[in-house]
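Asker: Here is how the chains run, residue by residue.
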Amino acid sequence: MPDDELRMMELSGPLAWTVYSCLILISVSLMLAVVRLIRGPSLPDRVIALDLIAYQAIALMLMYAIATDKSYFLEVGLVLGLIAFLGTVAFARYIEYISLEATVADDYNE
Amino acid sequence: MRLSLILRTAARLLVPLMILFSVFLMLRGHNEAGGGFIGGLVSASAFALYAMAYGTQDARRALYADPRTLMASGVGIALVSALIPLFSGAPFFKGLWTTLPGGVKLGTPILFDIGVYLLVVGMTLVVIYELDDDGLSLFPRDNRPGTTPPSSPAA
Numbered sequence: 858m859p860d861d862e863l864r865m866m867e868l869s870g871p872l873a874w875t876v877y878s879c880l881i882l883i884s885v886s887l888m889l890a891v892v893r894l895i896r897g898p899s900l901p902d903r904v905i906a907l908d909l910i911a912y913q914a915i916a917l918m919l920m921y922a923i924a925t926d927k928s929y930f931l932e933v934g935l936v937l938g939l940i941a942f943l944g945t946v947a948f949a950r951y952i953e954y955i956s957l958e959a960t961v962a963d964d965y966n967e
Numbered sequence: 022m023r024l025s026l027i028l029r030t031a032a033r034l035l036v037p038l039m040i041l042f043s044v045f046l047m048l049r050g051h052n053e054a055g056g057g058f059i060g061g062l063v064s065a066s067a068f069a070l071y072a073m074a075y076g077t078q079d080a081r082r083a084l085y086a087d088p089r090t091l092m093a094s095g096v097g098i099a100l101v102s103a104l105i106p107l108f109s110g111a112p113f114f115k116g117l118w119t120t121l122p123g124g125v126k127l128g129t130p131i132l133f134d135i136g137v138y139l140l141v142v143g144m145t146l147v148v149i150y151e152l153d154d155d156g157l158s159l160f161p162r163d164n165r166p167g168t169t170p171p172s173s174p175a176a
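In the order they appear, the protein sequences are chains A and B.
Residues 858 to 967 (our numbering) make up the first sequence, in order.
Residues 22 to 176 (our numbering) make up the second sequence, in order.
Bear in mind the hints are in silico, worked out from the structure with no lab data behind them.
You can take every hint at face value.
Now the stretches of chain B that chain A is said to cover, found in silico as 3 or more residues with beta-carbon under 8 Å:
1. 32-43
2. 46-56
3. 68-79
All values reported here derive from a predicted model rather than from experimental measurement.
Just so you know, even glycine gets a beta-carbon here, dropped at the ideal spot from N, CA and C.
When you get a sec, could you build the whole thing from the sequences and use the hints?
Answerer: Right, here's the structure in full:
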């Protein structure tokens with residue numbers, strides 16, 4: 858059945874309501890996180906927003922895996938969960954580095 | 022750069038998990054989503070995480086092999102997997118399969134995937150370890166116990 862490869866499974870009852878409301882709520886919060894990513898006044902705000910977007914994408918994929926009954930979205934979520942952590946750590950190092958540079962520069966100017 | 026105890030503990034937990042998952046991704050790649058390339062990338066990011074927690078010196082020691090050796094052996098293994106069919110009269114790069122007594126199927130595509138895996142790990146780690154030489158301080162330096170870091174920021 859290659860035609861309905863990604864068609865939504867026939868969910869019904871409380872599971873359908875839960876999955877669909879979760880998809881809508883996660884999408885809304887994803888959009889809010891993107892707003893924070895664009896507007897974020899400081900760099901740490903943007904890093905946190907990026908981290909949040911990654912984990913919301915994982916949640917979205919898990920809900921999609923339930924809705925379409927495709928298990929390989931679970932592995933995508935697993936990989937993304939491991940890699941998103943790495944990206945946040947690297948950003949934290951960068952922020953620590955530039956704040957250290959700023960204090961060194963301040964000491965030099967004084 | 023300062024060392025973080027939280028990051029070190031998390032890395033000790035996460036790095037074996039990521040390497041295990043990368044091997045899983047590589048082995049299932051022939052039948053389902055995955056493959057040598059993505060497996061190698063996950064494995065290389067595991068070693069990058071280790072380097073961020075413990076420094077590149079310790080990460081190089083944990084890998085045992087030089088990343089450039091890994092690249093060369095990966096290309097060599099992939100080439101061997103392409104040459105094996107020639108000895109049995111099949112065309113270049115044809116996938117040959119045998120079934121082991123336990124019911125496990127083995128073939129040259131797995132060998133090719135292992136070669137790609139090693140090549141991607143080696144290439145990514147060469148790039149990541151090169152970043153340390155420019156003093157970007159993405160990786161901690163001088164993490165021997167007992168020595169204090171040269172510039173510890175005021176808390």
